[in-house]
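Chains as they are written, first to last, in my numbering: chain A, 1 to 315; chain B, 316 to 602; chain C, 603 to 924.
Honestly, the hints are just simulated from the structure, not real lab data. Cβ atoms here follow ideal geometry from the backbone N, Cα and C, with glycine treated the same way. There are no misleading hints in this set.
Chain B is nowhere near these chain A residues, computed Cβ spacing over 10 Å in every case:
id, residue
1, Leu5
2, Ala10
3, Phe24
4, Val63
5, Leu69
6, Gly70
7, Ile104
8, Val110
9, Phe112
10, Leu159
11, Met162
12, Leu237
Heads up, incomplete: computed chain C residues facing chain A, CB under 7 Å, no partners named:
id, residue
13, Leu656
14, Pro680
15, Thr700
16, Asn703
17, Val718
18, His752
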Amino acid sequence: MLTYLAKRLAALLPTLLIASFIVFIFIHLIPGDPIYVLLGDQATPEQVEALRREMGLDQPILVQYALWLGRVVQGDFGTSIFFDAPVLSVILDGAETSVLLASITMVWIVVFGVPIGIISATRQGTWVDQFFSGGAMFFASVPTFWLGLYLILVFAAGLGWMPSSGYPSIFEEGGLANLRYLVLPSLALAAPNAALIVRLTRASMLDVAREDYVRTALAKGISPNRVVLKHVFRNALLAVVSAFGFTFVALVSEAVVTETVFSLPGIGRLVVQSILRRDYPVIQGVMLVIVMLYLCINLLVDLAYRWLDPRVRLT
Amino acid sequence: MRSTLVFWLKPFLARRISLFGLCVLAVIVLAALFAPWIAPYDPLSYDPIARLSPPGPEHLFGTDHYGRDTFSRVVYGARLALMIGLGVVGVALTFGVPIGIVSALFPRVGLVLMRGVDVLMAFPALLLALGLIVILGRGIENAILAVGVVYLTTTVRIVYGVSLKLREEVFVEAAVSLGAGALRIIFRHILPNLVSPLLVQASFVFAFAQLQAASLDFLGLGAPPEIPSWGNALSESRIYITRAPWLLIFPGMMIVLTAFSLNLVGDALRDRLDPRFRDTFASGKKG
Amino acid sequence: MLEVRDLTVTIGTEDGAFEAVSEVSLSLAPGEILGLVGESGCGKSITSLAAMGLLPPQARVSRGGVFLDGEEITRLPPHRRLGQGSGRIAMIFQEPMTSLNPVMRVGEQIVEAIRVRETVSEREARARAVELLDMVRIPDPARRIDNYPHEMSGGMRQRAMIAIALACRPSVLIADEPTTALDVTVQTQILGLIRDLCDSLLVAVLYITHDLGTVAALADRVCVMYRGRIVERAPVADLFRNPTHPYTVGLMACLPRIGERPETLETIPGSAPPLGPRVSGCGFAPRCERARPDCRDDPLPWFDTGRDHVALCRYPMVEREP
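With the rest of the complex left out, here is chain A (with noise of 0.2 Å):
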């Protein structure tokens, strides 16, 4: 198990290394001068000149990306024009939202994405399955914000039910019950996901459906329904917990949306603003952060799939 981990761990390390260059020459491709790139018009020159140094803006590419993958791995991502502090801090400022809001939405994935495909699959071909594949397929076509600004006019302007933006910290005034902050942004960014989580579901239950242990299962006398969920959900759900890395992605990609609608102050919203207030530090500082969730989400992923399937675990 160490060894597998530590080969995985190894076989990582040259996808971190190309998506961190590819994260780090982004601010090169910007057009103008790096410099004032990442210090903006006012900077004074002896900020310049410091930077310069640091950079070592006069020395080959890769000596640059050597020196500035030696101070991203001491922590130090660069300084946010816009909030004149290091890049970290202002990411983890917005972390605590964004991971709550993730977290959130997982659970409304796997809660009703899993279970509605397997509904639609045993009822392959009836009205059940028709009605939810249909709307799988619908949610799937809405776009995140207009969904949300939906129920923004339902839940939060007109039944009052939610608040209809903004989140306050949980360790703030309210505690845990600021989390009702999150319930529209989370069902909101979960609609799409969950689409998709039962489409992968239906899909690949159906296709399990058709192996031949199943029909082992079945001549032995079990009864369907327990066929359904011993024999032919365990070995579906190894397609759908593969899916997970690939889930995660899509889900900061429409987190970057849902925060904007909802005013959340998360990474999501934060990026949009720096884009528009060209604080590419920051930019730069949530793409290389996010990168490495990736990675570190599909290496969970691998791990679950190795524990949930045999045939891998052994070899």
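Start from chain A and add chains B and C according to the hints.
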């Protein structure tokens, strides 16, 4: 020829919902082509007196905060939607197909290229598009390019997968042993077999491109604000959502309908082309 | 005990509904092995799935039925058959590699089969699972019980499949080409195992195969199928001594004989037709050298040799050709 037509139409005739998708797409294409004749007003002309008027005989879908006719803007929006869809599919195919084929035929190059594609896939779609917009600047062409690059990755994956399988198939090996050149193999054996999976992929990419482009517009980083795209319409009207909800219903519904129809059509095509799905389809209908 | 009477199975396809099995009748006695022989697509697997109650959704029994100890079970899926008398049907399938659930230990899969019908504790069921593995001659069963299917060889998986089938204490065992996917030496072992189990447990076995050689070695009686119909039924020795239906004769001519070095391998002209609309008269007539115009007329007569040996043919081969 007739049998080919029957082959393609069958899944649409068998499932009325797919036919619905096809019809919606036809309407959108017609709206885009004949926008100047269909739209009763100039989508850009202001009418301060008729600001935020609700849907009625005068203005079918109402007007926005500048008094612009929403119906006309929605009709012209179809042009943008088609342009973005075709553009993104175009970018994804023009770059995706050669990269995928070359990677499959030349494993050494492929190793490098596919690793690059893997890395790109680690970036969330919208974030990658936003990054590219930051580099390229705002604008319709750049939005198309940025979203196109995002879906390039999935296209390369599909082309690579199919080509790799074909390369190992007997007939391609036979062609190689007979001394066929790489180009001949690509054009005679690989490209024809790519048509069907790419057709399915194109309809899904077309659908997702609508959503991504709308998101960019909404964030104010897509098409310039004066362009009557559906995403811009939503972006500008969001503050009027309580006072004039119709401003959001119609353009939003258009985005949903377009993406939904494309997904339906893509599903129907896949059922027709993927023998595995075809089996379920047949048994589901008859069983 | 197991009786199939006039079984007709209709399959719906994109081009319409066709009979895959027409008026098939057969019966099995305890301790007997009945071989069901035919080319692929002749309807032998569909017959066995119908007997098992596991027809795919496109297929349905349109006439006739399946009876176990006199009770009709035609439309009962396996889990509804639990209370049906003492008789039980179990089945082993063609593909041992894919017929076991890859994410469950073999032991769990046997225990599951035991506990479907018997209320026993987990420990008792496990002990019986070890016994069953021992019975199908898997070495070191107490250890093997915790293996996953992928940790076993093909032959061992097929033995495990047989153990699962025996777990419900069946009176009838249906074996659908259980050795096709295995090495020749393993094939012989599995065939020996089936024969022994049949003799010691007095199970009735319906053995489905395309291989006449296997039938000769294993079966007591044989039914030959062609295009969804049984065309000849006989005790195994008499069938090989006096094949009567031209199709059976053709099949036998295709068997290479040991010691003879044939100039060419014999074949039956033409090929078995795919599933399609039913033709009148004899299905084999288009490929038959002896066919005459009236072979296309219904109904075809059963020719009885008087030795418990019948053939569905108007012009049977009564004497051996020179």
